[in-house]
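A.B. asks: This is what each chain is made of:
There are 2 protein chains.
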Amino acid sequence: MLELYHAEPVANSMKVLLCLKEKDIRFVSHYVDLLRFEQHRPEFVKINPNGQVPVLVDDGAIITESTVINEYLEDEYPEVRLRPENPVERAQMRVWSKFVDEYFCPALSMIGWHTMVRKVAQKLKKDELDEVLSHIPLKEQRDKWATIAGSSFTEEQLADARRKLGVSIERMEKLLEKSHWLAGPTYSLADVNSYSIVAGVPRFFPELMKPRATEWLTEMNERPAVKAALAMPNKVPEALRAFGD
Amino acid sequence: MLELYHAEPVANSMKVLLCLKEKDIRFVSHYVDLLRFEQHRPEFVKINPNGQVPVLVDDGAIITESTVINEYLEDEYPEVRLRPENPVERAQMRVWSKFVDEYFCPALSMIGWHTMVRKVAQKLKKDELDEVLSHIPLKEQRDKWATIAGSSFTEEQLADARRKLGVSIERMEKLLEKSHWLAGPTYSLADVNSYSIVAGVPRFFPELMKPRATEWLTEMNERPAVKAALAMPNKVPEALRAFGD
Numbered sequence: 001m002l003e004l005y006h007a008e009p010v011a012n013s014m015k016v017l018l019c020l021k022e023k024d025i026r027f028v029s030h031y032v033d034l035l036r037f038e039q040h041r042p043e044f045v046k047i048n049p050n051g052q053v054p055v056l057v058d059d060g061a062i063i064t065e066s067t068v069i070n071e072y073l074e075d076e077y078p079e080v081r082l083r084p085e086n087p088v089e090r091a092q093m094r095v096w097s098k099f100v101d102e103y104f105c106p107a108l109s110m111i112g113w114h115t116m117v118r119k120v121a122q123k124l125k126k127d128e129l130d131e132v133l134s135h136i137p138l139k140e141q142r143d144k145w146a147t148i149a150g151s152s153f154t155e156e157q158l159a160d161a162r163r164k165l166g167v168s169i170e171r172m173e174k175l176l177e178k179s180h181w182l183a184g185p186t187y188s189l190a191d192v193n194s195y196s197i198v199a200g201v202p203r204f205f206p207e208l209m210k211p212r213a214t215e216w217l218t219e220m221n222e223r224p225a226v227k228a229a230l231a232m233p234n235k236v237p238e239a240l241r242a243f244g245d
Numbered sequence: 001m002l003e004l005y006h007a008e009p010v011a012n013s014m015k016v017l018l019c020l021k022e023k024d025i026r027f028v029s030h031y032v033d034l035l036r037f038e039q040h041r042p043e044f045v046k047i048n049p050n051g052q053v054p055v056l057v058d059d060g061a062i063i064t065e066s067t068v069i070n071e072y073l074e075d076e077y078p079e080v081r082l083r084p085e086n087p088v089e090r091a092q093m094r095v096w097s098k099f100v101d102e103y104f105c106p107a108l109s110m111i112g113w114h115t116m117v118r119k120v121a122q123k124l125k126k127d128e129l130d131e132v133l134s135h136i137p138l139k140e141q142r143d144k145w146a147t148i149a150g151s152s153f154t155e156e157q158l159a160d161a162r163r164k165l166g167v168s169i170e171r172m173e174k175l176l177e178k179s180h181w182l183a184g185p186t187y188s189l190a191d192v193n194s195y196s197i198v199a200g201v202p203r204f205f206p207e208l209m210k211p212r213a214t215e216w217l218t219e220m221n222e223r224p225a226v227k228a229a230l231a232m233p234n235k236v237p238e239a240l241r242a243f244g245d
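The listed protein sequences derive, respectively, from chains V and B.
Take 1 as the starting number for the first sequence in the numbering used here and just add one per residue.
Take 1 as the starting number for the second sequence in the numbering used here and just add one per residue.
No wet-lab data here; the hints were simulated from the structure.
Some hints here could point you the wrong way.
Stated by the list, open to error - Which residues of chain V face chain B? A few of them, derived with a C-beta cut under 8 angstroms, are:
| id | residue |
| --- | --- |
| 1 | A61 |
| 2 | P87 |
| 3 | A91 |
Backbone N, C-alpha and C fix where the C-beta goes; we use that ideal spot for every residue, glycine too.
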């Protein structure tokens, strides 16, 4: 039995939901409510000691990290192929996915946390916040919650995040000027892994978008798998829809 | 023809050199002298616009990012297998390699830059430093050089890097208590990708090492491929041997 622990269809949860929908794989969905801190509860931390979604459980075997989960799904369910056959394009798929994980996504995440998740954090009373923080396994995540509950990120940090989003879209644009999809002529995990992040950019900074990136996003939005993934339960009010983890 | 642009056998260059030696693949070696800033020269930036080593060139096709290069070598030269057959162990290999890239290596890199690369940076006169900085393509790398040429990282940043090294070794220890290698019973890219980083820990903070991690490192040091990779040219004086990029 294949099970996915995930939040609403944004950010890293969306990466795996979209991969599952593209491959038309049946799975049992376990919704984890991040804004009610279900990801830090003992029963969830037993599954992922880092207290983060998404987590795939395949007949009891636990797989974490959305990018790795999608490679796992490709290894185990190759009927619909999302890794290019060409090894150079396959490397490009991995280079781009790594860039999204290490640079593009953290920049958008900071903006999303500052703009949206902060509304939740700042409603917490001191003792509630302390209680929340005491259950967060990773120091980096504790620090992030403490930051947005306090004075949040500095203007300088937020400006740098916006700059990084610009760099990311420019890098994307260059790729899309050379080929139809991000890792060559074939739709691949490079595209799957980027969708939820790219979709956040025009929402916050429409001026950063470029022609080919916009076309790519429009084409992505039309994919039946994207529509199916976006139709997954979303308990988060629109005003608070966030870029989780 | 397979060519590798690389620095001395430490850090990310060592990851790929070790993979090539494990697989016994012949390649043309191009040594890039990081401390003489050859990685920022126009002829190299043409090959990798990020101005970073290692870079693999396979009949003209350019592959960057050491972790991705090693997956590429595995895709193209599968005679000696370094990816576990078992898909769950393969996912574990990727989760661990990702952790090394995003957490373990940056922590060691900060210590290495502060302790060793700084000696080079602080010898530069103001106009020499400005000249060096003007050729560095990535803002993050420019900032790093400017930081170590100036007052360097703060005590707080360095203490946090040391803490992260402790967390990394503890996480490694837990894995090695369960299985002989980092991604299960089979030697894999998880081990290959970790060697150069783990080897740096006892050099700086021997007190952080744990029994199984020490055994693993001893066993790694005995591998013929490790010895062969370490025997590659190293133009950097011992006192300055650094954790490049």
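A.B. asks: Starting from the hint list further up, note which numbers the structure goes against and sort them upward.
C.D. replies: Structure breaks no hint.
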